[in-house]
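> Okay, here's what each chain looks like letter by letter:
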Amino acid sequence: MTDVVYVLITLAAFVGLALLVGALDRPEKD
Amino acid sequence: MSEVLPALGQIAALVLLLALTVPLLGRFLAHTYTSDKHLAVERVTYRVLRVDPDADQHWRSYAMSVLGFSLVGILLLFGFGRLQQHLPLSLGFPALPTEGAWNTAVSFVTNTNWQWYSGEAAIGHLMQMSGLTVQNFVSAAVGMAVAAAFARGLARTSQEDSRVDGRVGNFFADLVRTVLRVLLPISLAAAFLFILFGAIQNFSGDHVMHTLTGGSQTLTGGPVASQEAIKQLGTNGGGFYNVNSAHPFENPTPFTDLIQIYLELALPFAMAWAFGLIVKDKRQGIAVGGVMALLLSIAVGLLTWAEMAAPGTAPQLAGGAMEGKETRFGEAASALFAASTTGTSTGAVNAMHDSLTAPGGGVAMFNMMLGEIAPGGVGSGLYGMLMLAVVTVFLAGLMVGRTPEYLGKKIGQREIVMVALYVLTTPVLLLIGIAAAVSFDDGPAGILNSGPHGFSEMLYAVTSAANNNGSAFGGITTGTPFWNTLLGLLMLFGRFVPMIFVLALAGRFASAKRLPAGAGTLPTHKPLFVVLLTGVALVVVGLTYVPVLFLGPVVESLS
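Protein chains in written order, with our numbering: chain A, 1 to 30; chain B, 1001 to 1559.
Where hints are given, some of them may not hold.
Unchecked claim - Partial pick of chain B residues on the chain A-facing surface, computed with a CB cut under 8 Å:
| # | residue |
| --- | --- |
| 1 | Arg-1060 |
| 2 | Trp-1102 |
| 3 | Val-1497 |
To be verified - Here are the computed distance ranges between Cβ atoms for each label pair:
| # | chain 1 | residue 1 | chain 2 | residue 2 | range |
| --- | --- | --- | --- | --- | --- |
| 4 | B | Pro-1311 | A | Pro-27 | 55 to 65 Å |
| 5 | A | Arg-26 | B | Ala-1445 | 40 to 50 Å |
| 6 | B | Ala-1420 | A | Pro-27 | 18 to 28 Å |
| 7 | A | Gly-22 | B | Ser-1216 | 25 to 35 Å |
| 8 | B | Val-1400 | A | Glu-28 | 25 to 35 Å |
| 9 | B | Asp-1206 | A | Asp-3 | 45 to 55 Å |
| 10 | B | Leu-1538 | A | Ala-23 | 29 to 39 Å |
Unchecked claim - Just some of the chain A residues that point at chain B, by a computed CB distance under 7 Å:
| # | residue |
| --- | --- |
| 11 | Thr-2 |
| 12 | Asp-3 |
| 13 | Leu-24 |
| 14 | Asp-25 |
If you're looking for bench data, these hints aren't it; they were derived computationally from the structure.
Heads up, the beta-carbon is just placed ideally off N, CA and C, and yes, glycines get one too.
Kindly generate the complete structure, drawing on both the sequences and the hints.
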């Protein structure tokens, strides 16, 4: 059970990092 | 004979070795990251990985490749740790506890190599070789790949080639080339050298030895030399044994000690040299490398003084600060190793940092807090220093009222926001980490000492994790769910959040036009810039940590 929790923590962290990539790639507003 | 002469002698030998080899290595690295040709073995690897090495990736795609590759690495290594008892060559060791396996997986994938366990008492040979050592290679290569992508971003311009718009190279080509052309051959040669001078390399388990006094001692064998080479070369730092490079099987002689220090410094300095060649202005690489050398020299000088002068009542009474140090190496070699391992992101130790004098321990901590840019991790050192170079031209631009630019790339609002976020990431993680550690009972529960030294033990742990160093102060037990989880999160975000900002900025630079140098352009290859950049590193980054340093090593020094 705890194993699943740590796998989920890892996946959540990487989803967050991927979202950061997406946010930084957004085109600038003029 | 005075102890000062050998101390200066080893520094002179190290400087000579670096001066002779860094330009050659730098040229080789620049060729590695700019060549269009693939070796046959690389082509086979690309085919197995099913990637096109010639596809020039947009920074976003490059960053997602870094993240995807690292995620797979963490999950695999986590599986290794949890299933260890079923693996061959496990030496009868049970599975690592869940949070411990996770911490170890994150630690090795992020190039931190923080070890909450004693290597010889917890990890079997297969996990050491197929799990940890493999990550020693690829995590180092990931850092170097990102640094190469950043250098490419600065070197390219969409004005000259519209196809490079936001594109920074191919992650998998950079990764595979770094491992096969750079890390493997040098590690192989270094491993043979270590074996030649007494490091062990076998598949033995425990041997019970009977000592002359009738006692018994258990000695553990294993593939040590091969791990030792990449441990130092890749600025990884995770030792086969708990005492790391203080163990005679890992680091048998003062000569191997010097080679270990050389190995951890060689590639970070060579990356700076390669940077100059990639941006087609060798002087830029020399300037950046010069700042790294200057900061490292300050750290080596202060740490050597602190350990050899041995301030404090206990060292004065004992006649030297030899507690926690190997008599084979002595104070000066321990200080040089400590400054190098914290100036890079290595984290290996040949002496117990908990036993460094209070100012010595403070220097080691401050070295990490600077973001490990002196000269830093194999790739992270270069990109960390280049981010500070951008801050420097921005500040200089503000002073003279001109638009700041670096290597002809304009530093606009968006660029400086990315750099500011990069610079703030680690301090935010570190300070939240230490706040969490002192706020919960589980944090101080693991410390050995009370008062400012106990605080330093916790501060060192979170500093080491957030900066992906991995060295331990000792004196603190972190093999608990609280510490393993907290440090794991710090390592994870401390590695990848800054990397994302670096790649995003690389993409922006690659898309930007190159401005011609004008009268208001700050030359970034001259001594003035070297001094400014050193000042920025010390003031902008270093000052962030002064209050927290006062609570630990400074108070301890004064008491």
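> All the hints need checking, so say for each whether the structure fits it.
Hints and how they fare:
Restraint check, Arg-1060(B) versus chain A: the minimum CB separation of about 5 Å is within 8 Å; hint holds. Look at Trp-1102(B): its Cβ gets to within about 4 Å of chain A, closer than 8 Å, so that hint holds up. Look at Val-1497(B): its Cβ gets to within about 7 Å of chain A, closer than 8 Å, so that hint holds up. The hinted window of 55 to 65 Å between Pro-1311(B) and Pro-27(A) holds, with their beta carbons roughly 57 Å apart.
Range check, Arg-26(A) to Ala-1445(B): Cβ separation about 44 Å, and the 40 to 50 Å hint holds. Between Ala-1420(B) and Pro-27(A) the beta carbon distance is about 20 Å. The supplied range of 18 to 28 Å therefore holds. In this structure, Gly-22(A) and Ser-1216(B) break the distance hint of 25 to 35 Å, their C-beta atoms being roughly 60 Å apart. Checked against the given bound of 25 to 35 Å, the beta carbons of Val-1400(B) and Glu-28(A), roughly 26 Å apart, stay inside it.
Checking the proposed 45 to 55 Å range against Asp-1206(B) and Asp-3(A) shows it is violated: the Cβ atoms sit about 29 Å from each other. Between Leu-1538(B) and Ala-23(A) the beta carbons are some 31 Å apart, a value that agrees with the proposed interval 29 to 39 Å. With a cut of 7 Å, the hint placing Thr-2(A) at the interface with chain B holds, because the nearest CB-to-CB distance is about 4 Å. Given hint, Asp-3(A) at the interface with chain B, holds; its Cβ is 5 Å from that chain's nearest Cβ, closer than 7 Å.
For Leu-24(A), the shortest C-beta to C-beta distance to chain B is roughly 4 Å, which falls under 7 Å, so the interface hint holds. Against a cut-off of 7 Å between C-beta atoms, the interface hint on Asp-25(A) holds, since the closest Cβ of chain B lies about 5 Å away.
Violated hints, in rising order: 7, 9; the structure is consistent with all others.
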